[in-house]
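Enquirer: Converting from the sequence shown to the working numbering requires adding 224 to each position, the first position being numbered 1.
Please keep in mind that the hints were generated in silico from the structure rather than gathered at the bench.
Just so you know, not all the hints are guaranteed correct.
Unchecked claim - With a straight-line Cα cutoff of 27 Å, these simulated DSS-like cross-link-like pairs (lysine-lysine) come out:
1) K275 <-> K361
2) K361 <-> K254
3) K438 <-> K521
4) K275 <-> K363
5) K348 <-> K361
6) K275 <-> K438
7) K363 <-> K348
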Amino acid sequence: MTLSTNWGVIATWRMAWEGVSEAARLLQGKSEASEAAVRAVTCVEDYPYYKSVGYGGLPNEQGVVELDAAFMDGSTLAIGAVASIRDIANPILVAQALSRERFNSFMVGEGAQTWAFNQGFERKNMLTDRAHQHYLKRKRETLDRGLSPYTGHDTVGVITLDQNQQMCVATSTSGLFMKRPGRVGDSPVSGSGFYADSQIGAATATGLGEDLMKGCISYEIVSRMGRGMSPQQAAESAVYDLESQLISRFGRAGDLSVVCMNNRGEYGAATTIDNFSFSVATPAQIPTVFLTTREGKHTLIRPADQAWLDAYRQRITAEEII
Numbered sequence: 225m226t227l228s229t230n231w232g233v234i235a236t237w238r239m240a241w242e243g244v245s246e247a248a249r250l251l252q253g254k255s256e257a258s259e260a261a262v263r264a265v266t267c268v269e270d271y272p273y274y275k276s277v278g279y280g281g282l283p284n285e286q287g288v289v290e291l292d293a294a295f296m297d298g299s300t301l302a303i304g305a306v307a308s309i310r311d312i313a314n315p316i317l318v319a320q321a322l323s324r325e326r327f328n329s330f331m332v333g334e335g336a337q338t339w340a341f342n343q344g345f346e347r348k349n350m351l352t353d354r355a356h357q358h359y360l361k362r363k364r365e366t367l368d369r370g371l372s373p374y375t376g377h378d379t380v381g382v383i384t385l386d387q388n389q390q391m392c393v394a395t396s397t398s399g400l401f402m403k404r405p406g407r408v409g410d411s412p413v414s415g416s417g418f419y420a421d422s423q424i425g426a427a428t429a430t431g432l433g434e435d436l437m438k439g440c441i442s443y444e445i446v447s448r449m450g451r452g453m454s455p456q457q458a459a460e461s462a463v464y465d466l467e468s469q470l471i472s473r474f475g476r477a478g479d480l481s482v483v484c485m486n487n488r489g490e491y492g493a494a495t496t497i498d499n500f501s502f503s504v505a506t507p508a509q510i511p512t513v514f515l516t517t518r519e520g521k522h523t524l525i526r527p528a529d530q531a532w533l534d535a536y537r538q539r540i541t542a543e544e545i546i
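Produce the entire structure from the sequences given, and follow the hints as far as they go.
Expert: Dropping the structure here:
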């Protein structure tokens with residue numbers, strides 16, 4: 225995880241691989257980090273089979289899709305974010321636009337929607353038939369079997385480094401499945417779901433937002449890189465320190481996963497779960513999906529094999545909802 229490059233892109237989850245591939249093409253062609261990051265996220269937002277981001281994202285407890293997104297420019301430290309926004313095709317585009325505003329750069333709910341519509345952003349019903357069927361199934365399971373409704377909370381977070389050594393980070397999510405209306409997690413919150421500083425590096429997180437916010441995990445990782453840690457050291461130490469604090473002070477810790485990259489293109493990842501994946505591309509690394517395994521307070525990383533990739537594709541496109 226320590227190969228220096230003159231550009232790079234890293235993102236949470238396998239679902240970002242297509243977006244990472246597109247971002248890599250842009251960065252290789254000397255596009256800016258901002259364009260590449262936003263393009264990578266819109267690729268995920270537009271794909272209807274991903275159940276935790278954008279179109280096809282799973283709804284709240286009332287059956288309504290509410291979306292969160294954020295964008296940060298690591299050179300200017302400009303931030304734009306939206307939360308609990310409905311009926312917007314690409315929340316990340318709204319977040320990026322808000323990052324150019326001196327005031328009112330983080331907007332929520334109806335106010336965010338009104339502003340976005342007035343600015344001409346595409347209006348779209350984001351609840352797919354497939355997501356609605358998952359919602360109805362979960363309601364039945366909750367009533368019939370007493371299962372917790374709260375499952376699924378994967379955020380796409382993308383970090384880009386361009387050939388001018390500028391860095392950006394972008395996030396997007398539909399949040400916790402069956403959440404209460406208005407619930408907001410870490411994804412649009414600066415320092416928790418994301419942080420970027422082109423003089424140091426960037427980080428982004430995915431998992432249970434209520435716990436990730438307790439450690440301002442993304443800022444903490446960037447801070448540790450700034451103090452001399454490698455990206456892998458910063459990611460592992462920050463994640464496992466937060467997990468230990470949560471367990472000792474709160475009694476338990478939810479899912480915590482992060483990726484990060486410094487301004488030399490070196491990258492790292494850490495997780496507390498067994499099935500975290502991430503996607504990376506650099507001049508020396510074709511767009512690749514990596515899988516992680518936790519071993520104590522370390523995260524082991526290996527490339528996904530073709531069998532895993534084939535099984536993933538089959539699983540996410542399966543139509544049957546029993």
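Enquirer: Hints the structure violates: just list their numbers, smallest first.
Expert: 2
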